[in-house]
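If you're matching them up, the sequences are chains U and D in order. Each residue of the first sequence is one higher than the last, beginning at 1 in my numbering. Each residue of the second sequence is one higher than the last, beginning at 326 in my numbering.
One or more of the hints may lead you astray.
As the list claims (entries may be wrong) - If you anchor each label on the Cβ, the simulated ranges turn out as follows:
#, chain 1, residue 1, chain 2, residue 2, range
1, U, N71, D, P440, 26 to 34 Å
2, U, Q54, D, N844, 35 to 43 Å
3, U, L73, D, A521, 54 to 62 Å
4, D, K684, U, V158, 55 to 63 Å
5, U, I21, D, D472, 56 to 64 Å
6, D, H506, U, L4, 27 to 35 Å
7, D, P517, U, I21, 32 to 40 Å
8, D, G694, U, L141, 44 to 52 Å
As the list claims (entries may be wrong) - If you want the footprint, here are the derived chain U segments under chain D, 3+ residues with CB under 8 Å:
#, region
9, 61-69
10, 77-85
11, 163-170
12, 183-196
13, 285-296
Derived from the structure by calculation, the hints contain no laboratory data. Glycine included, C-beta positions come from ideal geometry on N, C-alpha and C.
Given next are the chains, with one letter for each unit.
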Amino acid sequence: MRILSLAGRRLAASIPTLILILIGVFLLLQFAPGDTVDAMMAQMGGGDAATARQLRQFYGLDLSVPAQLGNYLWRLVRFDLGFSSIYGKPVATVIAERLPPTILLMTASLSFAFFFGLVFGVIAARGVNKWPDTIISTLGLVFYATPSFWFGLMAIVVFSVYLQWLPPGGFEDIGLAHTGIWRTLDIARHLILPTLTLGLIFLAIYLRIMRASMLEVLNLDFVRTARAKGLDETRVIVRHVLRNALLPMVTLIGLQAGTMLGGSVVVESVFSLPGLGRLAYESVVQRDLNTLLGIIFVSALVVIAVNFVVDILYARLDPRISAEV
Amino acid sequence: MDTKRFEMTRRAALMTSAAIAANVINPMRAFAQETPRRGGVFFVHYGAEQRQLNPSLQASTGVYIIGGKIQENLVDLDANGQPVGVLAESWEASPDGKTITFKLRKGVTWHDGKPFTSADVQFTAMNMWKKILNYGTTLQLFLTAVDTPDPLTAVFRYERPMPLNLLLRALPDLGYVSAKHLYENGDIRQNPHNLAPVGTGPFKFVQYERGQYIIAERNPNYWRPNAPYLDRIVWRVITDRSAAAAQMEAGQLHYSPFSGLTISDMARLAKDKRFIVSTKGNEGNARTNTIEFNFRRKELADIRVRRAIAHAINVPFFIENFLGDFAKLGTGPIPSTSTDFYPGPDTPQYPYDKALATKLLDEAGFKKGADGTRFSLRLLPAPWGEDISLWATFVQQALGEVGIKVEIVRNDGGGFLRQVYNDWNFDLATGWHQYRSDPAVSTTVWYRSGQPKGAPWTNQWGWQDAAVDKVIDDAATELDPVKRKALYAEFVKRVNTELPIWMPIEQIFVTVISAKARNHSNTPRWGSSSWHDLWLAE
Chain U
1 MRILSLAGRR LAASIPTLIL ILIGVFLLLQ FAPGDTVDAM MAQMGGGDAA
51 TARQLRQFYG LDLSVPAQLG NYLWRLVRFD LGFSSIYGKP VATVIAERLP
101 PTILLMTASL SFAFFFGLVF GVIAARGVNK WPDTIISTLG LVFYATPSFW
151 FGLMAIVVFS VYLQWLPPGG FEDIGLAHTG IWRTLDIARH LILPTLTLGL
201 IFLAIYLRIM RASMLEVLNL DFVRTARAKG LDETRVIVRH VLRNALLPMV
251 TLIGLQAGTM LGGSVVVESV FSLPGLGRLA YESVVQRDLN TLLGIIFVSA
301 LVVIAVNFVV DILYARLDPR ISAEV
Chain D
326 MDTKRFEMTR RAALMTSAAI AANVINPMRA FAQETPRRGG VFFVHYGAEQ
376 RQLNPSLQAS TGVYIIGGKI QENLVDLDAN GQPVGVLAES WEASPDGKTI
426 TFKLRKGVTW HDGKPFTSAD VQFTAMNMWK KILNYGTTLQ LFLTAVDTPD
476 PLTAVFRYER PMPLNLLLRA LPDLGYVSAK HLYENGDIRQ NPHNLAPVGT
526 GPFKFVQYER GQYIIAERNP NYWRPNAPYL DRIVWRVITD RSAAAAQMEA
576 GQLHYSPFSG LTISDMARLA KDKRFIVSTK GNEGNARTNT IEFNFRRKEL
626 ADIRVRRAIA HAINVPFFIE NFLGDFAKLG TGPIPSTSTD FYPGPDTPQY
676 PYDKALATKL LDEAGFKKGA DGTRFSLRLL PAPWGEDISL WATFVQQALG
726 EVGIKVEIVR NDGGGFLRQV YNDWNFDLAT GWHQYRSDPA VSTTVWYRSG
776 QPKGAPWTNQ WGWQDAAVDK VIDDAATELD PVKRKALYAE FVKRVNTELP
826 IWMPIEQIFV TVISAKARNH SNTPRWGSSS WHDLWLAE
């Protein structure tokens, strides 16, 4: 019951935010010079003014801005995301097609970053200022400072061009139609490099947060008590320190789920993955307002959902938090 | 920052020059003795997805590269750039130029098994070329009807004389035929076959996964005997140019068309024996780099200032150091690759002469101020290519030296077109002028007055010249090829004198293709052609 009311309140609070975001983006895009017909002309390499007029009518761009916005919001109320001008399909379909690769990539790299960030963070904190810590922290800094497109391209050059171990891009093998478990394995093979590329940057953040948080908790009184009780060091770390040190990590997941949805544009482009990030980028360049707003809407929903899960995890990790709810 | 990028590209381009030179001399080895191998899958780099794949509705290389293998045109160009029949077998024009009769090929069927007839040509010409197809609407403006006396004869009737040569040079790009029985009902723009094309070509459409790939397979009932050789063509959607180069090297791609890779990657692959890097096969897609002047700025309305700007820029230096063998010095709106219309270099030209530029600017009354600046201009570069971006920076620096301060304003594609051709919100703009086989297709609109506001790549400069307008109109309906060529020479002379737009660089797209490919790059618009004779060696 408590969880339900928490969920209800969260949801109620996010609806106005969502609407404000959508209106904001809509208006922002009106300031960008050119509309989807200009973008289409750019792609076609030309066309006469009469054609342009016909196309504007076709895409509903001959209406005034408030009328277009009104139409959009009215459709949204009826859970209709509208029609994509670049894809010629309903926006909901377009997004549904692009969502699985993005979610897969996002979950895989977040899990990768979270798991290894945790492990390396603990190792670094245990040997603070000794050589494992120095190596891990330096590597973390290098990963964090390297742009992801460079990482991705280098990974392709090394693992696909020279070693030929992994495919250089794409979501699955086109030549051979795999089914069942073979298809899953094929997709997994294609996702290794993108996951590493996207995950490494986040790994660096998790690692540093975990290290700092471990160091802080290690100095608290209850740890001293645990040690005084005579518990061995592994037990102290796993049962007492780790659990408390995890809180900031969980917060970070909630924050980064949003970043990852949008932030994977580069990785998706480099590895030619049909994901949401690339779709968003394309919709901006092509001024496909409906698709862009649809993506923002769906992304916002995903972020709200993730944060909700994070809130529940909080309560699980630290009972004091749920008591205050 | 800019200087640094400049130098890096410059070095890359220099390496390119040497490497490409070797390849251009002998771009294709002699394969004549080899027997074509049947089978194989040809992988093609597809950089920018379009909103549709039907070349009867959209004329652009991004559509031809796919739709051109599935649908066919009435006429294409042969190895020497001369019109050769595809769906049309022969043609004839009436003496008054108002009637052009096409005899169509017998025994051709659509991929769904229905026969191809003159009714398809009639439907496509009247409903697609005349009403929707970009450049087609202009070309066919005076088309009044297409008569179909029998299933294999299509008679085009024009209100004004249509030069047969113009039509035959335009049809390879603007003459793709769609099936009437699939399009006659409903809104043509929303027809599902626009993304799943049905044609008469050597390859049948199989599947399109947006953002990933497109597949077409061999058409077993193709009308050319023993064609095609390939089993399948797969287009991989790769938006990142560097990633595409890596995929070429990893053996995932055989062909990257239309300068799809970065200049430095093309230079690198040119030295790799596994690839052929060449401009051959793209002669029909020549383009020129432009400087477009906005005459609403009083400085630019002065012809001395426009000429001074041209004289102030060292074009040969730019080409040699940044573009290498991918480009050459341009001499006007009709490029030297257009054998039928190129008037030669003896038209007014503006060689690099800084002293003359300074003198012209002083004469025009724009003296240097206390800070060394005469006046400031906003330059809008189009986002289509690396070369435009480099050129814009080069122009900025060159004009800075004669006291014209240039601010570069960058936009994406839609933004650029809107700002320049609709809002006229620019002083200088720079991009590409695409030359499409005949000046009447997409060249003279850059100069003819009376273009509707907002039409991209047309005269939006606020410049008008009655003599130029007259030459353009006369040439468009002149039936005698010799007289037409003379009229276009006159046109180039006049516009090079008045200089409403300066076109100082000529470029042809660069092809990067696997050395295993055979019968490639053998026509001037090979990337767009049907690939019926293309095959892959083991």
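The hints, checked one at a time:
1. U/N71 <-> D/P440: 26 to 34 Å: The hinted range 26 to 34 Å is violated for U/N71 and D/P440, with Cβ atoms some 45 Å apart.
2. U/Q54 <-> D/N844: 35 to 43 Å: The hint (35 to 43 Å, Cβ to Cβ) holds, given that U/Q54 and D/N844 are roughly 40 Å apart.
3. U/L73 <-> D/A521: 54 to 62 Å: violated, 34 Å
4. D/K684 <-> U/V158: 55 to 63 Å: Holds, since D/K684 and U/V158 (Cβ atoms, about 57 Å apart) stay within the stated range.
5. U/I21 <-> D/D472: 56 to 64 Å: The hinted range 56 to 64 Å holds for U/I21 and D/D472, with Cβ atoms some 58 Å apart.
6. D/H506 <-> U/L4: 27 to 35 Å: violated, 58 Å
7. D/P517 <-> U/I21: 32 to 40 Å: At roughly 34 Å between Cβ atoms, U/I21 and D/P517 fall inside 32 to 40 Å, so the hint holds.
8. D/G694 <-> U/L141: 44 to 52 Å: For U/L141 against D/G694, whose Cβ atoms are near 49 Å apart, the range 44 to 52 Å holds.
9. 61-69: violated (count 0)
10. 77-85: n = 1 at 8 Å, threshold three: violated.
11. 163-170: Holds: 5 residues of the region 163-170 of chain U have a Cβ under 8 Å from chain D.
12. 183-196: Since three or more residues must qualify, the claim that chain D covers the region 183-196 of chain U is violated, with 0 doing so at under 8 Å.
13. 285-296: Holds: 3 residues of the region 285-296 of chain U have a Cβ under 8 Å from chain D.
When held up to the earlier numbered hints, the structure conflicts with 1, 3, 6, 9, 10, 12 and fits the remainder.
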